[in-house]
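Residue numbering for the sequence shown follows the working numbering, beginning at 3 and increasing consecutively.
These are calculated hints, taken from the structure and not from any lab test.
All of these numbers come straight from a predicted model, not from anything done at the bench.
Hints are supplied without guarantee of correctness; some may be wrong.
What the hints assert, rightly or not - Computed cross-link-like contacts, SDA-like style, restricted to lysine to any residue with a CA-CA straight-line distance of at most 25 Å:
1) 221 with 52
2) 376 with 412
3) 588 with 530
4) 225 with 187
5) 253 with 174
6) 221 with 412
7) 512 with 501
8) 590 with 612
9) 253 with 221
10) 353 with 294
11) 518 with 545
12) 309 with 388
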Amino acid sequence: MVNSIYTHKEIFLREIISNASDAIDKMNFKAMTDESLGLSKKDFRIDVVIDKDARTITVKDNGIGMTQDEMEKNLGVIAHSGSLDFKNENGDKKGADSIIGQFGVGFYSAFMVSDKVTVVSRPVGSDVAYRWESSGADGYSITECEKDNYGTDVIMHIKPDEKDEEYSEFLESYRIQELITMYSDYVRWPIHMMVEEGEWKETGEKDEKGNPKREYVTKEVDKVINSMVPIWQKSKKSATDEKCKEFYKTKFHDFEDPISVIRVNAEGLVSYKAMLFIPKRAPYDFYSRDYEPGLQLYSNGVLIMDKCADLLPFCFRFVKGVVDSQDFSLNISREVLQHDSQLKAIGENLKKKVKAELLRIMKDEPETYREFYKSFGRQLKYGVVEDYGRNREFLQDLLMFTSSEKDELISLDQYVDAMPEGQSNIYYVTGESVQQAKNMPQTEQVRDKGYDILVLTEDVDEFVMKTLAEYREKRMCNVTSDDLGLETEEEKKDAEQKEEEYKDLLDFAKEALDGKVSSVRISHKLKNHAVLLTSEGHITLEMEKYFAEMPGSEDEKMKAQRVLELNASHPAFKALDDAFLNDKEKAKDLIKIMYAQASIMAGLPLDDAVGYSDLVFKLF
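Given only the sequences and the hints, what does the whole structure look like? Please build it.
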């Protein structure tokens with residue numbers, strides 16, 4: 003049965019230690035109400051003892067112990083929890099809220115690694131002890147025995163190694179220490195082990211050079227393995243930001259301080275404490291499929307889940323931290339949560355806390371935020387476009403893009419606040435690099451108006467702008483595809499006249515390009531350049547590039563409707579017009595060259611680079 007409840011065999015130690023902690027909690031509660039016992043908190047301890055020769059692990063506590071009847075109920079009846087009974091009886095009293103056990107099955111996790119389990123227990127106030135023993139499937143026995151002190155010893159007889167299972171790993175001191183640190187580090191009672199420590203000591207002799215001889219001497223010492231009090235449970239005075247940052251670097255294996263520490267102490271329907279950290283930069287595998295996000299989840303200081311991805315939304319997967327609550331409704335194995343309503347309540351609060359802190363950093367520490375954004379900005383953008391833009395309004399204030407005027411990252415708020423009178427749109431351009439995008443001919447008309455342009459260089463950027471659509475009632479406008487609406491009535495009339503004047507040439511040019519473009523037009527955007535390539539419809543040129551790198555890129559639905567725009571005032575157009583009137587074959591070559599040039603400026607690959615070169619050389 004236990005193998006169907008628990009997914010990891012190593013959980014057994016957490017469960018047995020948690021039971022020992024509960025027994026001490028009960029004893030501590032009794033000591034607070036019965037002064038005759040003469041006990042204080044400093045008297046309580048848990049001991050873990052390894053005997054390699056006997057292949058046993060023993061977990062000892064000096065807790066309240068069990069009578070024969072209690073052994074029958076707690077160990078002989080599966081799913082009967084003495085700890086839960088205690089909580090129900092004393093739940094409103096001080097000291098009873100720290101009890102961990104709920105289901106009465108944790109003890110049986112020992113059988114995942116043991117072929118026999120022996121429990122020796124002496125209840126407080128009694129001179130009689132009892133031995134419970136079972137090999138699992140064959141029932142159990144209870145007999146009287148002797149025990150020097152009250153409390154309980156759980157002796158696990160570790161299974162022999164099998165072909166696919168090496169149970170001997172649990173007889174290694176380092177492995178047991180590792181499991182205690184991982185799962186039970188914050189159990190509030192000290193967990194002791196005899197561990198081997200060594201040091202160099204002088205022997206009293208000297209070597210041939212007259213230097214004192216030394217030898218490495220080892221000895222076993224009684225060591226407390228767990229830290230007991232988690233840093234998130236401490237006051238801000240004792241848990242300073244510096245100490246929290248050191249905790250972060252140790253706990254989450256980072257060599258740099260986080261840029262921020264977020265502390266949460268919430269009370270209500272779900273009471274919990276949390277300590278979150280915003281890293282300075284992304285780990286090497288952050289944007290890979292192998293990266294596992296999530297916060298560490300604790301219940302009363304016991305690790306329940308190492309990476310709980312449900313507590314924060316996808317966009318904040320870079321956040322590290324811990325959440326600790328005694329109110330979690332856990333499943334029977336205490337490995338996962340039973341209900342997600344608590345997670346949702348906590349997650350919504352943490353989500354708001356993280357955003358508020360990021361906005362604070364953006365305002366108060368702009369350079370720090372820009373450095374953060376270089377690492378995690380892409381993640382925020384992914385968050386905008388996921389789930390059909392469900393979180394776009396929540397995240398839009400956190401976005402930044404490069405300003406063509408300032409050559410630095412700015413927020414959308416900063417862009418709108420700096421807009422001159424008369425500007426009604428937020429203009430952006432996409433490109434392979436900032437410099438390449440700034441030099442694109444499509445930007446000429448916008449720059450002539452004195453308007454700033456946001457430069458987008460990541461493949462997700464175009465989708466972000468399409469998802470946002472607008473910001474503070476300002477429309478997102480792609481200078482390479484959208485109707486900018488910047489020309490005067492005179493310019494519009496002039497463009498229409500030229501369209502009519504050169505209609506035959508434009509039709510010829512479209513036919514010469516043999517389906518590569520949806521239309522050829524006279525441009526009202528161009529000032530100095532001869533040509534440019536734009537698009538019409540929902541798919542932009544940048545989207546086409548993105549889809550081209552994905553499987554199934556041959557799908558025509560994912561290709562932009564390309565538009566070749568010509569500058570009727572440029573000498574190249576006059577040469578084209580002359581060739582059209584006098585040499586149709588040359589005109590075809592020229593229009594193909596102009597299309598290729600426009601494609602290059604747009605950052606698109608040439609369909610036939612050799613053919614393009616041949617056309618150019620024909621002009622010599």
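Against the structure, the hints come out as follows:
no., hint, in the structure
1, 221 with 52, "holds (16 Å)"
2, 376 with 412, "holds (12 Å)"
3, 588 with 530, "holds (24 Å)"
4, 225 with 187, "holds (13 Å)"
5, 253 with 174, "holds (23 Å)"
6, 221 with 412, "violated (61 Å)"
7, 512 with 501, "holds (14 Å)"
8, 590 with 612, "holds (17 Å)"
9, 253 with 221, "violated (29 Å)"
10, 353 with 294, "holds (18 Å)"
11, 518 with 545, "holds (17 Å)"
12, 309 with 388, "holds (22 Å)"
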